[in-house]
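S.K.: Quick note, the sequence shown lines up with residues 9 to 117 if you use the numbering used here.
Note that these hints are calculated values from the structure, not bench results.
Check each hint, because a few of them may be wrong.
Simulated restraints on C-beta separations [stated by the list, open to error]:
1. Pro-11 / Val-88: 50 to 56 Å
2. Gln-99 / Met-9: 40 to 46 Å
3. Pro-11 / Ile-64: 25 to 31 Å
4. Met-91 / Ala-32: 51 to 57 Å
Beta carbons: idealized from backbone N, C-alpha and C, even for Gly.
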Amino acid sequence: MTPFRQALCAFTLAATLASPPAHADEIAKGRALAERLCASCHMGRDQGEKKSANEIPGFHAVARRPDQTIEGIVAWLRSVPPMMPDHHLTQDEMSALANFIMSLRGAPQ
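Take the sequences, apply the hints, and build the full model.
M.R.: Below you can see the structure in the form of structure tokens.
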């Protein structure tokens, strides 16, 4: 293997290994925001998808919607839905919150 290929492999490996902690940090930041700002409405035990307009969906249910994406959650948060308080979230906070919600997709309730 040439020195260039060795350096390229080392760089790729380092970049790959560095990515998960950043993602884990993003999820942890989102979890902290959710616990502080959203828990009273969206993090109830066994809280599923809403069955009527008056019900509030739990985060597990939001994450498990078939077409749900991080970008979709961020766009929805950016619109400041009228039924929710405006927490004046920054773009980074919305992204962290969306990453946390989507991390629940495969998690047990």
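S.K.: Work down the list of hints and note, for each, if the structure agrees.
M.R.: Hint check results:
| no. | hint | result |
| --- | --- | --- |
| 1 | Pro-11 / Val-88: 50 to 56 Å | holds, 54 Å |
| 2 | Gln-99 / Met-9: 40 to 46 Å | holds, 42 Å |
| 3 | Pro-11 / Ile-64: 25 to 31 Å | violated, 58 Å |
| 4 | Met-91 / Ala-32: 51 to 57 Å | violated, 31 Å |
The structure fails hints 3, 4 (numbered hints given earlier, in ascending order).
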